[in-house]
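Student: With the hints as your guide, set chain B onto chain A.
In the order they appear, the protein sequences are chains A and B.
Under UniProt numbering, the residues of the first sequence are numbered 1 to 387, in order.
Under UniProt numbering, the residues of the second sequence are numbered 1 to 387, in order.
Misleading hints may appear alongside valid ones.
Since the list gives no way to pick one copy over another, a pair counts as held whenever it fits inside one copy or between any two copies.
No farther apart than 27 Å at their CA atoms in a straight line, the calculated lysine-lysine pairs in the DSS-like style are these [as the list claims (entries may be wrong)]:
no.: 1; residue 1: K195; residue 2: K10
no.: 2; residue 1: K23; residue 2: K10
no.: 3; residue 1: K195; residue 2: K357
These aren't lab readings, by the way, just hints derived from the structure by calculation.
Protein chains: 2
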Amino acid sequence: MTPPIRGFAKSEFGVRTQRAQAKMAKKGLTALLLTTEPEVRYYTGFLTRFWESPTRPWFVVVPPIGNPIAVIPSIGAHLMGQTWITDIRTWQAPDYDDDGIKLLAQTLREVTPLRGKIGLADEMESHVQMPLASLRAIETMLDGRALIGDGGITRDLRLVKSDAEVDKIRTAAQIADRAFDRVPEIARAGAPLSKVFRDFQAQCLNEGADWVPYLAGAADRGGYNDVISPATDAPLRQGDILMLDTGLVWDGYFCDFDRNFSIGTPNAATQSAQAQLIDATHAAFELAKPGAVISDLFHAMNGVINPSGKTMEAGRLGHGLGMQLTEWPSIIARDHTVLVEGMVLTLEPSVNLSGEKIMVHEENIVIREHGAEFLSTPQKGQVRIAG
Amino acid sequence: MTPPIRGFAKSEFGVRTQRAQAKMAKKGLTALLLTTEPEVRYYTGFLTRFWESPTRPWFVVVPPIGNPIAVIPSIGAHLMGQTWITDIRTWQAPDYDDDGIKLLAQTLREVTPLRGKIGLADEMESHVQMPLASLRAIETMLDGRALIGDGGITRDLRLVKSDAEVDKIRTAAQIADRAFDRVPEIARAGAPLSKVFRDFQAQCLNEGADWVPYLAGAADRGGYNDVISPATDAPLRQGDILMLDTGLVWDGYFCDFDRNFSIGTPNAATQSAQAQLIDATHAAFELAKPGAVISDLFHAMNGVINPSGKTMEAGRLGHGLGMQLTEWPSIIARDHTVLVEGMVLTLEPSVNLSGEKIMVHEENIVIREHGAEFLSTPQKGQVRIAG
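Isolated chain A (complex conformation):
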């Protein structure tokens, strides 16, 4: 129950940087330009909830050799100065005339030779976290250097977690386990769903979450229609199935799993659906070993929950997990990523019930040398009874 130490050894950031630089050399890239929270944090350790403010852009440049360079608003200089980064270049943002653009372009020109290629994440699940006009301006200020796709360098590195990263995700999952165990204290007929959401988040915090960026869920008879809606003020009713799906954070790392609860005794259809969902996660869990591919996990789960091969609205049966609630890859038939030790995944099957209702179940696992290990405490066969 004692959480691990916060932060990382400086050497971990050095290893991440050197691995990126080796991949950059192979791809002919002379720098990486990072603009989003997880990319910046991955190489620097810069952890703050201040990204909630969209005002100021933040940049990190990974040069071909040497340590990353931070090009950031002065408001972040003190916090960045507590990381392993020593080359910190700041401007006083927001600056309506030049919000860091000249400073960033100058830094890119400095570390990149003429005709060099600067890599920027441009593939699925990525975006560029700066104004489009700024990006277009920078492209004109590079004196012939090109800004091109990074070929997934950072995405591929983040896919495989270190032991220290896995420990943080496990800590988050254990906090959620304890909060889910306490749902019977707050979920009963008559309680507004919005109050259950508030109380559950407070339980997550009381059990040790640093914050609770994500909670979704639903409550309805014989399943629910939707897994991404916010809570309404409608009260829980006898016979409802309540689903709570949380992504809480400990030291910057997420868990992401859900649990289904019955308000009163569950009916046979929902019990059977829950059993099927659990069977599906175990079918994937058994196959989740180094050398297997993601599509194996998809087919193992889909064979249990969806033998007819119907279209699924969710679009996938799980995904990567770490510094973000959802990460690369997606557990779909089209994904042939080979599993290696250190990957962290969610297994998230869903089943269709009558009346367009669904039920969803989710567990978190890590791939180890000889097979998978649960990070969430895997649920047993029955729908939990809450109210």
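Tutor: Just chain B now, with coordinates in the frame of chain A:
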């Protein structure tokens, strides 16, 4: 204490759309392409915490006449179907071969004449929430239609809040008021700062917050160094000044203000700094009427806190507030936005203390016909005593 009704009348979304279309016509734009959470929500009412997942892109197209069109992953179809939007086009995301790109390009071609101009937010505080490679692909699929900057259309509309929006922000601020009143229950010498952060977030939830996307703060002797750091596990000490700055959400709208607390009796320097900060917010408050400009507020505050005109690391003394923790504009000397009724702002002065320490104070206001009105309950002159 009874919160207002959740959601908005459908007519409010119609008015927002028609206002955008009038501005589009003036600027010669034949469509808007929206990609970020606040833009999509502003025109549709689509409210979900699912944006925490970066996997799937979400698009809304505002045509030159008629209602917005949603081009979204099928997982969101049910929730979008509960808004006023009826033209909802979906694909099963994630699709590694075409993640909505053809469907979006087809929709843009359909609503926009040949050689039409499609506006995309590209200025400060904005970004494009889709993979850069997808954006570049779409540009090649528009048969001569251009994707250009939107000239700040959505930003300018969002700047002025409706009464219903102001009511939601006020509700959020009143929840934070009550949570701040209860800080003495949780902050005392020996309590780890990380536990104070957890407990404070739980108090926000208990007082009615839907969620707490933002909490930053610090605790140190005679002020603090930083206002964006996450909490450490270090215990509060007698003589510390504790600052908590929260952006909590009610029905999709933020408050954003802080309070300073003393663990034990505050010293004269921090008392004097607090008084100066409060004087600064009142100096700006008095001027905050329709017809005044943002730089007036800056100079009013800066004259109180910074008569020597020293460089400020924070870069600004407040900002807009609404669907996001921070919104356009920034309270800086360079901003000459004219205040109009319905703008919601934070007033956020900071002062320098000895030893590179600072103190920050923040209130939330709305501009009314004859002057400003506080949304947060304005703090009186003294540092609050917590522990």
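Student: Reference check for the pair K23 and K10, CA-CA at most 27 Å: within, between, both, or neither?
Tutor: Within. Shortest intra-copy distance 21 Å satisfies the 27 Å Cα cut-off; inter-copy 52 Å does not.
Student: Please work out whether the CA atoms of K195 and K357 approach to 27 Å or closer within one copy, between two copies, in both situations, or in neither?
Tutor: Close inside one copy (23 Å), not across copies (40 Å); limit 27 Å.
Student: Checking an output row: K195 and K10, CA cutoff 27 Å. Within, between, both or neither?
Tutor: Between. Shortest inter-copy distance 26 Å satisfies the 27 Å Cα cut-off; intra-copy 42 Å does not.
In summary, the structure agrees with every hint in the numbered list given earlier.
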